[in-house]
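A.B. asks: Chain residues, written in single-letter form:
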Amino acid sequence: MPRRGWPTANKPNRRRRRLLSTAPKNVTTFAAASVKMALRAALRNKCGFSGLLTQLSSSGHHGRVSSVFVSQMRNNTTSSKINVDFNKSTGVAVLSMQSPPVNSLSLDFLTELCINLEKLDMDKACRGLIITSSLPKVFSAGLDILEMYGKSPERCGEFWRAVQEMWLKMYNSNMVTIAAINGSSPAGGCLLSLTCDYRIMVDNPRYTIGLNETLLGIVAPFWFKDTMLNTVGHRHTEMALELGLLYNPAEALKIGLVDQLVPQDQLLTTATETMTKWLAIPDHARQITKSMMRKPTVDKLTSNREADIQNFVNFITKDSIQKSLHMYLEMLKKRKA
Amino acid sequence: MPRRGWPTANKPNRRRRRLLSTAPKNVTTFAAASVKMALRAALRNKCGFSGLLTQLSSSGHHGRVSSVFVSQMRNNTTSSKINVDFNKSTGVAVLSMQSPPVNSLSLDFLTELCINLEKLDMDKACRGLIITSSLPKVFSAGLDILEMYGKSPERCGEFWRAVQEMWLKMYNSNMVTIAAINGSSPAGGCLLSLTCDYRIMVDNPRYTIGLNETLLGIVAPFWFKDTMLNTVGHRHTEMALELGLLYNPAEALKIGLVDQLVPQDQLLTTATETMTKWLAIPDHARQITKSMMRKPTVDKLTSNREADIQNFVNFITKDSIQKSLHMYLEMLKKRKA
Amino acid sequence: MPRRGWPTANKPNRRRRRLLSTAPKNVTTFAAASVKMALRAALRNKCGFSGLLTQLSSSGHHGRVSSVFVSQMRNNTTSSKINVDFNKSTGVAVLSMQSPPVNSLSLDFLTELCINLEKLDMDKACRGLIITSSLPKVFSAGLDILEMYGKSPERCGEFWRAVQEMWLKMYNSNMVTIAAINGSSPAGGCLLSLTCDYRIMVDNPRYTIGLNETLLGIVAPFWFKDTMLNTVGHRHTEMALELGLLYNPAEALKIGLVDQLVPQDQLLTTATETMTKWLAIPDHARQITKSMMRKPTVDKLTSNREADIQNFVNFITKDSIQKSLHMYLEMLKKRKA
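Residue numbers (this note's numbering), protein chains in the order written: chain L, 620 to 956; chain X, 620 to 956; chain W, 620 to 956.
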């Protein structure tokens, strides 16, 4: 099967045409670093991601670095933390998280993730996305606690906006999204998988998944809660969130937190076969249906985004919470030693 | 057991009294054709069905045809597409759909169905309704695609209003409603069964049930979605609607899409026994409870009815959708040949 | 393990300090009778319970009866209908209902229950509450029908306000609440258990649980419905409430109406072990999470409280409903004879 990276001269779809009307064709080829800076600026200016690539593209028009990246990305998009392997013949991209030791969702990681999602969403040729981990034993350990500990309110807010952006991009994605969960997936890692259309987990009883925030003394925000509620219903969500429950694969399957269990060596094959089934449905009808199911939940966050950031910042910068995080980090250090 | 048709001198209940204050007692006996015309006019004038029988009755007052029908309907109500067998001693009516080849929900079919539902609902003696099919292998194949293909916007709107009316009458019915599903029940057929209080399906693995609209490139509207959501929850609804899933009886039972499976030859017996159980509950308390459970969902449609019709018409008359339907119809033709 | 009753000189928490700023330390020691009178007055004046203890304490300041009660309550709080055994070392109180023959929720019973809940909620040392029955075979038979039959509208309203208060206190409690269901639990008894965070039921097939109001011709109000819906979902709630279903333990476990079944002799041990698990979660994070899950449901009642009382009074004082209740009471008498 011929696999190709990001097409530089791909026929742009309508949305892309709009965004890139004045832009060069090699818009996808900027150095990750400059993209990240622009992205953060955009986040800071609260303009969201949608206007971002226009900015990037006009500045990149003069960039010298681009040609280097073009060649690199013919086969796939690689950055320090994320690898995207896009198979144009099938229309399916496999996004692998490769940020050791545990794919923590740091600001940098989320920024890269969002850039990749933005690009994939804009590429009409890309209809499906499989998210998995390149690391053994862990899918993602969730939000990076170091982003919440000892940081300024501004930085905390910037971080939280990126978490929201990841959720909005994923939960609202026009692509078919499948989580291939090949390791433990607590807290934010669980959230990431819950945003997908389908979840396949490796059937290893050592792996766990769940929104276990309360164990750390922190609280899953309403949109984490809504995402879980839409997946496993009110009662399981209530109990899971109050107790910070982590489920092993069999338990997760039983309550519907994941949809399917497979042996490790069948994970990607199964994900690919499942994707084929989903892609057999006409995109348009499937996308409208997905939006109908998820829009009320998405709208709740988009219309309360700034307040939600403020809430998070107020909460996380409290002395008592910072103390809890300190203790948790000390415990982690000791465990390693 | 003595079985009787529509009582011509039945003591009218309060609602009936209101509607029929100026009407003769044999209001139920008008020729189906003229009823249908009046009904369509009512639909066209957006006056809903509630004022319909008043119109009919005043015109029918002078009608000669009525006496003929009175005698015919002593035993049951028969029309080309629907047969109603009302057992006054038990208070239970069995409504059999008999419109070959597949009980498609055409405008004519829906009109007849709604007239029959209106009459049953107004008859205080009728407390329970069992809906089934007289055809082998199919309960109902759902909305008639020919009503959506190559039709004028006006006609499409008229059709959609009748679909809404069927749903409103059924989902909101004061009667206990049981679907005796003796064959496949895709799309609108599934919707019809979902409006009932209880679903019993014949345990034949060849039969399927589900809201599979996306397979045709069309989208189940929000009230189809809400009806399914109230039955099987958010997650199953999301996956079922996005993938256009059709479930065999065992799968349907597992997710709660149907409540019970029985062998073909026990279907009506089981439905009748189940009905007896439901009718043991005081009507008043049961009806208020049912309304409490369903009113929010009903209100969402009644307060958005015109917009929903407009949405449907705009969507279904699109070139791309018409093309999809054309292809589907061609495929059906080839399959027959 | 040292077990103590209500501490008379316990360090008051913030809320208690506010309430009791002008009050003596032995506020918990008033005679149950006078407390009940004040409570009823508070209910009548629609001021809710929150300002109640202030009133009580200022009047009690001059009371002579208090010193007698202080000594009695060192080990536990006893009244005619409810026994509270608070183990200060574990932070867990066991509230046993002991109102023969069936722990009916009469106005007196509810008043005592609410006073005890108010006290426990105000005591920072009390973090967990186990509710059980001292009677064999019955947890609680639910609302006392004698409070609804042949009573004045005022009295009916007073009763209903107390039912609401019980629900609000329980469903909204900051404590971890576990129902140890050691007998049948119909109607209001089921509601009481549904307000808890976790339900453990004795696995005796003779015991049943459910909101069976329709069997009596009455209707579970919207907040009974919401509580069940949050526990077992829309479809099970719809069917259970319309049919007035009572489930045996195995059935209740299957639909999620209870969380766990145990043999009779392991009930309290299991409840205590479960409580330990719940109390391992930081209170603050758990409480915020619980509130996030339940607040919308609580708010619906608090913002419609008076209308809900009026609805109840209008409904229950109807001739037809009074007749139903009369017949039901006659039937009960005959059954006893």
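Mixed in with the good hints, there may be bad ones.
If several chains are the same, the list does not tell them apart, and a pair holds so long as it fits within one copy or across any two.
What the hints assert, rightly or not - BS3-like cross-link-like pairs, simulated, lysine-lysine; straight-line CA separation at most 30 Å:
no.	residue 1	residue 2
1	Lys770	Lys707
2	Lys844	Lys873
3	Lys914	Lys955
4	Lys873	Lys770
5	Lys896	Lys873
6	Lys844	Lys788
7	Lys738	Lys952
8	Lys914	Lys942
9	Lys788	Lys919
10	Lys896	Lys756
11	Lys937	Lys914
12	Lys873	Lys953
In case anyone wonders, no lab produced these hints; they're calculated from the structure.
A.B. asks: Which hint numbers does the structure go against, in order from smallest to largest?
C.D. replies: Hints 1, 3, 4, 7 and 12 not satisfied by this model.
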